[in-house]
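Enquirer: Mind docking chain B on chain A? Use the hints.
In the order they appear, the protein sequences are chains A and B. For our numbering, count along the first sequence from 1 and bump the result up by 1. For our numbering, count along the second sequence from 1 and bump the result up by 1240.
Be aware that one or more of the hints could be misleading.
No more than 20 Å apart at the CA atoms, straight line, and that leaves these computed lysine to aspartate or glutamate pairs for EDC-like [as the list claims (entries may be wrong)]:
#: 1; chain 1: B; residue 1: 1375; chain 2: A; residue 2: 317
#: 2; chain 1: B; residue 1: 1368; chain 2: A; residue 2: 317
#: 3; chain 1: A; residue 1: 39; chain 2: B; residue 2: 1374
#: 4; chain 1: B; residue 1: 1375; chain 2: A; residue 2: 316
#: 5; chain 1: B; residue 1: 1252; chain 2: A; residue 2: 151
#: 6; chain 1: A; residue 1: 39; chain 2: A; residue 2: 317
#: 7; chain 1: B; residue 1: 1252; chain 2: A; residue 2: 156
Estimated spans, in silico, between C-beta atoms of each pair [said to hold, decoys possible]:
#: 8; chain 1: A; residue 1: 14; chain 2: B; residue 2: 1558; range: 54 to 64 Å
#: 9; chain 1: B; residue 1: 1324; chain 2: A; residue 2: 185; range: 27 to 37 Å
#: 10; chain 1: A; residue 1: 210; chain 2: B; residue 2: 1252; range: 22 to 32 Å
#: 11; chain 1: A; residue 1: 229; chain 2: B; residue 2: 1399; range: 55 to 65 Å
Hints listed in this document are in silico derivations from the structure and should not be mistaken for laboratory results. Yeah, the Cβ is synthetic: ideal placement off N, Cα and C, and Gly gets one too.
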Amino acid sequence: MSGETQQPSESFLERHRERHAGTYQSLRRGWRRFKSHKLGVIGLLLLVAIVATAVFAPFLAPHPLNWTAPTGGEEATSLSELAEQSISHPAPPKFGDPYFAPLGTNHQGNDVLTRIIYGSRTALYIGLAAGLLSSLVGVPLGLVSGFYGDTWVDEAIQRVVDIMYGLPFLPLVIVLVAVRGVTTTNIILAIAVKSWLNNAIVIRGQTLTLKERSYIEAAQVAGASDNRIIFRHILPNVLPLAFVYLAQDSAFAIITQASLAFLGLSDFTNVSWGVMLQWIQVTGHVYDAPWWMIPPGLMITLLAASFYFVGYSLEDVTNPNSD
Amino acid sequence: MATRISAQYLIKRLLVSVVVIWAMMTLLFLLLKAMPGDMASLLLNPSLEASDIEALREQFGLNQPLHVQYIKWVSSYAVLDFGYSMRNAEPVVDIIARRLPRTLVLFGTAYLINLTVGVLLGIHFGWKRGGMQDKSGFTLGLTLYSVPFFWLAWILLLIFSYEGFGVAWFPAAHMTPAFESVFDAPGLVLGVLFHLFIPAASLAMVGWAGNMLVMRTSMQEVLGEEYIDMARAKGLAPTTVKYKHAARNALIPVATQAIVSIAFILDGSVIVESVFSWPGIGKMLVDSILNRNFPVAFASFFMLGALIVTLRFLTDIAYTYLDPRIKFGESR
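One chain only, chain A, in its complex shape (with noise of 0.2 Å):
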């Protein structure tokens, strides 16, 4: 012991590693089990994907975000009749251009594929900011109602979730949206006042059972106030749970961001996959250019399923009489 505290700096790592070896222990029985799962392996490895096309985006992307494919190649027979048609006819949707577009155009001619890697940024924004929200707000209370269950706190908090739940989800974003505004932020805000709902109920079920355990009652025994209980006890027993909300509530927040989109409640600057789709409601392409309409689509429906795989893998891992 005394040796410790006479070299603070060399031993700290070490008793950083003596302090949490159980955290350790449970980390790799945890991630062991995780690996069991092959779906959520797969999805795993799809969310590793799509954040790293997010992050290198500009080195992946075949084109700056800004391009436009030169107008009708094809018939223009001199550099300054092109010039001209770039500027006055937007190029036509196409596949398979010989700028290399792999994915095709859009209707002002920037290239799909450009426009899909970009847009995982604005799809893992919102999903993780959205998801990382209703956490934010949903752990705490659920953790607090749970913890002081059947006093007055807990039947508040309740109420409250009680009236929130019966409200309609996809209507009540739809009017937060147009009445606050239509922009990325709201759009998140108006998700996270709905999604935290979940989180509230299921870590307070789980809070609820917890705090009946003995080492709680040791705990209060020794003397801990009831803060740091609730943080330093109960809170590391709920996170593999809250982490299964936050993947839930990410793939939920990224659909709903696309149909807002669809339903023309988005920031249209954006580069997003659900503008993207909305774009080819308004300008009319729907039925004429599938290159164009399933890649936004089908990525949409790949980053939440991954979302969705690796919630309900962590749910049987974190659920001790699976198996």
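Expert: Chain B in isolation, oriented as in the chain A frame:
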């Protein structure tokens, strides 16, 4: 039946429903007041005199104190008096009365399909747990669950109603065939069914996974119980064990999911109605929001909310009836 559901429980649920509806009215009032401008300013145009604007504000009761406005708002919403549409001065309640049944047709069909298919497949996958069918079905269900409704609808339209790409079997939009009045009643019903096919299919294809997942898990749990082994040991046919012994008991958690999926399918039907120009409340909500026709938008939001509250109330009662073990007030 009557013995199991106590009056006290009924009253409690009813009270919660009423409070939710009141909360919706209050929320809408707050939103209305938080909006820049007011009802009168939505109608502004250059030909209005100052006195006309004053008259408009008088007509909407905007000169009264806020609490009076609030009480007026709640009391008129409580009797379904939603004011007039800003487009054609038609009472909003008339528009809603016309459109609500159409939404219910779409919603009801999709809901029943998704419940039936989800539960049946959940039973099947749970029964074959760990097998190839179970795994692929589970993956397919989760994947379909993450498809945006409108995109799936477009794909289905591309395949089933667009001749250039697939086959033109089903109409692409609207609820009734053109020249509606020419048809007699059976013909009209057939036409509506025809129009209903793709919208309901795109709703149910996404939604069934929710019920399937719950049913599958619950089925797996039930199959571990001893009475299932007992039933098998007695030499009962596997089908009897599957449906009569296992599935019946496994159905209970699905009742909770059924409540959740009401909201899910209703959300979806707002989107799907917009894809197919289905003349229901969801389409009206979206249209009126985009037109800044707020009396109609708020009323359709309110009606969708009230619909969910009503359906939840009914399913809650059905739930307590289904599960004799449940203690009142612990339905969730």
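Enquirer: Take the hints in turn and mark each one as holding or not.
Expert: Hint check results:
no.	hint	result
1	B:1375 <-> A:317	14 Å, holds
2	B:1368 <-> A:317	18 Å, holds
3	A:39 <-> B:1374	14 Å, holds
4	B:1375 <-> A:316	16 Å, holds
5	B:1252 <-> A:151	17 Å, holds
6	A:39 <-> A:317	12 Å, holds
7	B:1252 <-> A:156	14 Å, holds
8	A:14 <-> B:1558: 54 to 64 Å	59 Å, holds
9	B:1324 <-> A:185: 27 to 37 Å	34 Å, holds
10	A:210 <-> B:1252: 22 to 32 Å	25 Å, holds
11	A:229 <-> B:1399: 55 to 65 Å	59 Å, holds
Of the numbered hints given earlier, the model fails none.
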